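Student: Produce the entire structure from the sequences given, and follow the hints as far as they go.
Protein sequence lines correspond, in order, to chains E and Z.
Residue 108 in the numbering used here sits at position 108 of the first sequence, with consecutive numbering throughout.
Residue 366 in the numbering used here sits at position 142 of the second sequence, with consecutive numbering throughout.
Since the hints were made in silico from the structure, they are not lab data.
It is possible that some hints are incorrect.
A few chain Z residues that don't get close to chain E, going by computed Cβ distances all over 12 angstroms [said to hold, decoys possible]:
1. Val259
2. Gly269
3. Pro338
4. Lys339
5. Gly340
6. Arg357
7. Val385
8. Tyr412
9. Cys423
10. Pro425
11. Lys436
Rough simulated footprint, nothing fancy, chain E against chain Z, three-plus residues with beta-carbon under 8 angstroms [what the hints assert, rightly or not]:
12. 283-291
13. 295-305
14. 387-395
15. 401-408
Note that the structure is a prediction, hence the values are computed from the model and not measured.
Note that beta-carbon positions come from the ideal geometry of N, C-alpha and C, so glycine has one too.
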Amino acid sequence: MAYQFDFLAVGEYAGQLATGAASTLGLTAIGAVLGVGLGVLGAVSRAWKLKPFNYIFGVYVEAIRNTPFLVQLFFIFFGLPALGVSLSEWTAAILAMVLNLGAYSTEIIRAGIQATPRGQIEAAASLAMTRAQIFLHVVLRPALGKVWPALQSQIIIVMLGSSVCSQIAAEELTFAANFIQSRNFRAFETYVVTALLYLMLAYFVRWLLAKFGERFVSRRRVAA
Amino acid sequence: MMMEFTTWDIVRNLMFGALWTLGLSVTAFVLGGIVGLLVLAGRMGHTPWLRKSMRGYIEFFQGTPLLMQLFLVFFGISLAGIDVPAWLAAAIGLTFFTSAYLAEIWRGCVEAIPKGQWEASASLAMSWLQQMRYVVLPQALRIAVAPTVGFSVQVVKGTAVTSIIGFTELTKTGGSLANATFQPFLVYGLVAAGYFILCYPLSLYAASLERKFHGSAH
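Tutor: What follows is the structure in structure tokens.
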């Protein structure tokens, strides 16, 4: 007998899926802001060789980039309590996402910072800009503008990766899907709908980040 | 029955799990490479519906979590009444995942070949397949090596997710050991070290290839 698909069995749980999707977006938003922030610190330390931070960030970047996100998450959630650091599932999920994105964005932003022409910094200094002004307006902002597409992709990769946070019982989108399929016994339909939801979230986040980039990050043209 | 685990017992068991991780990684990378070439051919060929569907294929696998893809393969095949072992679902799922990413990476490399090369080979009356085989791919291959090796790191790390559908590789072995020994800090630390040992040489190799090709190609 051929299998009868029943997507209505998933529709009943639309509310749970919506809540899960909102949680995934929330996790991604917090993870992206803090992760890119950490990445800026790391990139500056690495690009300007600020001892000892450049070494610390160097080890951190390699450790994170060469181990799976799932293992990082388990280490934080199951391993750290042995040292007396007990984190809730949400805190652990956010910490893992921030550390993960932080490592990748350190390398991405560093590439942008190192592409700053020396002459621009010298020109800014000759205009009596302070070090802070030079860093913010001449180094960081153009650097972010250059690497924004790469950062955008990395943020989406981290969002999709966050689906494994369901394994520590953080109630995001995949957790909702697991719950639903345990109720309606329609695993395939449930995961098809959930996968399409992730696809829509990915398009949405890409669009949002592109808009954000245009507005705040990319170099604005100056009237000649 | 309680069993005492020495650190060596833990390491030995993890090494056994790491072998499965390695095996799955190699399988997914090789099969993914083959499927990826077919996807690439469809994506860059002259058949409009094939181009569109391969574009959709790539966007689906790059826009959804690997975990969802594994669930879909696992539960999708069992719909047909076939009982899928976890290793098979893991290998199929990771092959799809790898093929989509490799096809997209390689597309970038093919598109980096100057248009004049296509035009010159077309003027020599070469067919599309001949142009690809004798003119474009040999040059694209050169630029493709570094990012391809770099992506292999993502494949190795991706295998960790297959532990969730029940494939007993390094991460799943670690989970069982952590529960049995009550030493999650040590066990997950060792699991992470295991992945690092597998991935770091690949990362270093990719970086050195990148420097090499960047120096000579431009």
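Student: Against each hint, give a clear statement of whether it holds in the structure.
Tutor: Evaluation of the provided hints:
1. Val259: Label holds. Min Cβ-Cβ 19 angstroms, cutoff 12 angstroms.
2. Gly269: Given that every Cβ of chain E is farther than 12 angstroms from that of Gly269 (chain Z), nearest at about 25 angstroms, it holds.
3. Pro338: holds (23 angstroms)
4. Lys339: holds (23 angstroms)
5. Gly340: holds (27 angstroms)
6. Arg357: Non-interface label stands for Arg357 (chain Z): nearest chain E Cβ at 31 angstroms, farther than 12 angstroms.
7. Val385: Violated: least Cβ distance 6 angstroms, not greater than 12 angstroms.
8. Tyr412: violated (4 angstroms)
9. Cys423: violated (4 angstroms)
10. Pro425: violated (9 angstroms)
11. Lys436: The claim holds: Lys436 (chain Z) sits with its nearest Cβ about 18 angstroms from chain E, beyond 12 angstroms.
12. 283-291: It holds: at least three residues are needed, and the region 283-291 of chain Z offers 7 whose Cβ sits within less than 8 angstroms of chain E.
13. 295-305: Since three or more residues must qualify, the claim that chain E covers the region 295-305 of chain Z holds, with 6 doing so at under 8 angstroms.
14. 387-395: holds (count 3)
15. 401-408: holds (count 3)
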